[in-house]
Every structure is written in structure tokens, then in C-alpha cells.
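These protein sequence lines are chains R and U, in that order. Going by my numbering, 48 is the number at position 48 of the first sequence; the sequence numbering is gapless. Going by my numbering, 1073 is the number at position 73 of the second sequence; the sequence numbering is gapless.
By construction, these hints were calculated from the structure, which means they are not laboratory data. Since this is a predicted model, take the numbers as computed values, not measurements. Note that the Cβ used here is the ideal one computed from N, Cα and C, for glycine as well. Please note that a few of the clues may not be correct.
Said to hold, decoys possible - List of simulated lysine-lysine pairs, PhoX-like, C-alpha gap at most 25 Å:
hint, chain 1, residue 1, chain 2, residue 2
1, R, K158, U, K1008
2, U, K1110, U, K1144
3, U, K1008, U, K1144
4, R, K158, U, K1171
Claimed, not checked - Some chain R residues well away from chain U (every beta-carbon gap over 10 Å; in silico):
hint, residue
5, W34
6, D40
7, I45
8, S60
9, Q76
10, F84
11, P91
12, V98
13, P108
14, L132
15, G134
16, L147
17, M156
18, S179
19, E181
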Amino acid sequence: MVQAYAGHARPGTSIIFDTMHRDRKRVFVDLRKWNVPVVDDQYEIDQFDGDHAIYLVSASDGGEHRGSIRLLPTQQPHILGTLFPDLCDGPCPSGAHVWEITRGCISPRLPASERRRERNRLTTAAVQFARLNGITQFVCVADSGWLTQILTLGWMCKPLGAPRTIAGATTGALAIEISDETLALLRNAGTFEAVSLSVVDAAASPAT
Amino acid sequence: MIDTGNFKTMIGGFLAVVDEIDLLEHLDRCTFGLGFDQFAMGHHVDLTGPPQDAIRLTNYDPAWIEQSLGERYFVQDPIHLASTRTAMGFLWSDVPAMIGMTSRHERILKAAQAYGLCVGYTVPVHVPGEYRGSCSFGARSLEKLAANALPIANLVGAYAFEAARRIMRAKMPGPLRAPALPELTDRQRDALVLIARGKGDPEIGALLGISPATAHEHVENVRRAYGNAQRPLLIARALFDGQISYTDVFGR
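Using the sequences and the accompanying hints, generate a full structural model.
In C-alpha cells form, the structure reads like this:
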């Protein structure tokens, strides 16, 4: 099951959020060596983790993070519009129907075969969430290795501008189209994984 | 400089191709648009007997292909080895800094130069659960290389691979799957790493905390998954296709 959390829970108030931020630190700081802020030496939390974010989280029965994706509204500060607007030819897409997909994170504690399934569950959930909420486009900023992986998921994905070398890595902005066809495209690519999606208000469920 | 219009045409072209011929022609055009002459893309598999679900497309000189197949260069290709060490595109001139070059590596690079492959750029394409792969661009020199070509080459390689996957999926009947590595359980994979470290079945059992008989069963299952390969070939194939990495075996 994937739960969609609207808004953010502060460190120490939610097992799911704490374990998510710990896994984000393991993946983005320890493994991928990103230069992003770490809180309390254990949580990767940035300026965009806040009330406007939506977190799609897959958790174990004990409420521990297995994988997650963060969605940010493009009408609020977000990575592409705020930090990397030059990656778009022309203005960055923005609107109620366009959301940014960021911090796709699968727990490194899961074995390899499980990681792939979680990736598929979260991708399917993201598309279902989009369809339920009138989202017709996801945008994202991707570097080298991730570009290939995002394309492999099977959805219709186009660059928003020519990629550039930023801090030594090829980095580009992508637009993912969400339409009636998208779930079928995921099925064709072997990405579709049946998943149930439920919505939770993060602020209203402390210490979940 | 590759301008916005040309860039859009390059990427849009991959989304539109319907068969391998289309893809080959379009990749050829993009290669020239970037400022290279030659390209080779595909999965890193045994090229003398590739599995059905492996992708290979190239405009390399057929005489070079024949020579490198005959001499089995692909087994010790330094470019391929370097591509396993990084997720980012790299110039062939960077390779000596990325791997320890042996004299055989040097000989392979030198042999390639005779066929116009003097300089080049390789984009690793690695998707978990799939054979390792790459898309390489080569030329006599970099003088025609557009100023923004290299980041764009990364995108071209990624889109070319995805187009190839899409075409192959359309050709294959039945449940559609991406080209897959032999699927191993975690325990089987653990055993495989120990085989690669030269351990026999009893040692594998001791290290994994299982009986020698169970260890033997894991080893036999792994060999069966790789078509009953004997240990040396099994190790070579598993490293080659990315099932296990050099880091797994030697640590870092």
C-alpha cells in the first residue's frame, strides 16, 4: 500500500517521516554524495520539505519507510523553477496540473528484487495519484544515471531543454506526460504494479 | 553549438522510430549531428552468441567488428570495463584514469584506431535487472564536436536505448519483459560473490552460516540460471552482465 501524505511532519513526530528522511540521507548524501543539508546528523531535509509537499510513501507493517517520492506544486518554490530554471528552453512549466517529482528514494536496506518492486509500486501510485487529482504533467530534474532509469519506466518523457554539465554531472529537466495512456505504457514496460493508494494528512496524524 | 531545434529533432526522432532500421538511421544522423562519425550501442553480452533479448546496433566498420569478435576483444574491452565504474558519460581519453590499463587494453585501443576509432565518448546505460549496456560515439578526432555535444550525447544514448527496448518489446510475443539478467535470490547472489572470490562450496557454507549441502544447492542453482556454466565462465558472465560488480567481489 502507498500512502499519500499532504504536508510535512517535523523530525521526532512521525516514524514514517523520520525513517524516510534517514533513508534519504543514506541514498542522497552517503551514496550519491549530493551536497544537500543534513539535520541532526541523520535526516536529509531541505527547504522544499514543508506544508505544500505531498509524499507518496510505501511503508512496512511497522510503519517504516520502504520507498517514497516527494511531489512539489510548481506554483510554489520547487527545484526546477527555483534552483535550475535555465534547464528549460523558455519558461518552466507551472500550473495546478503540473507537479514536480523529486527525491524518489528506495530504502537501501531492501534486497535488490524488493527494490525493483517498490520502484514499480511507487511509479504506479504516482500515476494513479496524478489521474485522481487532475495532474497532467510531472516535471523533474535528473542527472546522468537517473535519466536512463526514468525513461525505462515506460511513460512518455521529453526533455524541457538541452542538458548541461552541472557540478561535473550531466543534468537535465524532463517533462513526463500523464494521460489516459500512461498506465498502459507502464504495463507495456513491465513497470505497472497493482497498488492501493490512500491519502493521509501528515499534520493530523502525529507519531504514526 | 547544437541549437534547440536540432536538439528537439534528435530526441523527438527517437520517440517516433518504429523499427530497428529507423532507429539505426536516426542514431546515425544524431551521431553526425553531435560531431562524431561512428556509434555502437547495446547490451554487454557475449557477442559471439548473444541472447535473443540483447540489443546491439552499430555503424562500426564490419572489418573491425569481425576482427574484434574473432579476437574476443569485447571480453577485455577497456571502454566496457570503464563503463562499469561510473553512471556518467566519459571520454575515452579519461579511461586510463578510471581503470588500470593492461597492455592488452592498450593493444585493443590501438587496433580500433586503424578503423577510425581514435577518440570517443561512452554513455553507460544501466538499469537494475537488465544486462549492463552502453552507447558509444567514436571519431578520428574531436574537431567537429559541437560545444554542447557531450551532455546531449548522454540524452541521445539514453533515448536510443529506450527506443530499442520499445522496439524489442513490440516484437516479442507474450508477457512483455525488459531484457533481464538471470534472476537470482539474495542467497544465490551471495553465493555467486563468494564463488567469484574463489571460495569452494564448504567455505561458502561456512561464510554464509549454512550447511555445505545447502551451499552446494545454491551454487548449482546459480550455475543452472546461467545455462549450466562452469565456475570460470559463470564468474566472467556475471561480472560482464553486471549481476555482480567488481566492488562486490573485491570491496573498496
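Mind verifying the non-interface call on F84 of chain R? Its CB should be farther than 10 Å from each CB in chain U. holds, 13 Å
Does K1144 of chain U sit within 25 Å of K1008 of chain U, going by the straight-line distance between their CA atoms? holds, 20 Å
Does the no-contact call for E181 of chain R survive, Cβ to all of chain U over 10 Å? Since the minimum Cβ distance to chain U is about 13 Å, E181 of chain R lies beyond 10 Å and the statement holds.
Checking the smallest CB distance to chain U, is L132 of chain R really beyond 10 Å? holds, 26 Å
For a C-alpha distance cap of 25 Å, please report whether K1110 of chain U and K1144 of chain U respect it. Measuring from Cα to Cα gives roughly 22 Å; hence the hint holds.
Looking at I45 of chain R again, its CB stays over 10 Å from all of chain U? Nearest chain U Cβ is 25 Å from I45 of chain R, so the label holds.
Beyond 10 Å on every Cβ pair: is that true for P108 of chain R relative to chain U? holds, 13 Å
Should the label of L147 of chain R as a non-interface residue stand, given a Cβ cut-off of 10 Å to chain U? violated, 5 Å
Please settle this one: W34 of chain R was flagged as non-interface, so is its CB more than 10 Å from every CB on chain U? The assertion about W34 of chain R holds, with a minimum of 14 Å to chain U.
Classify the label on P91 of chain R as holds or violated, using whether its beta-carbon is more than 10 Å from each beta-carbon of chain U. Answer for P91 of chain R: holds, closest chain U Cβ roughly 14 Å.
Is the claim that S60 of chain R lies outside the interface with chain U correct, judged by CB distances over 10 Å? Holds, since 17 Å exceeds 10 Å.
Holds or violated: is the Cβ of M156 of chain R farther than 10 Å from all Cβ atoms of chain U? The assertion about M156 of chain R is violated, with a minimum of 8 Å to chain U.
The structure does not agree with the numbered hints 16, 17 stated previously, though it agrees with the rest.
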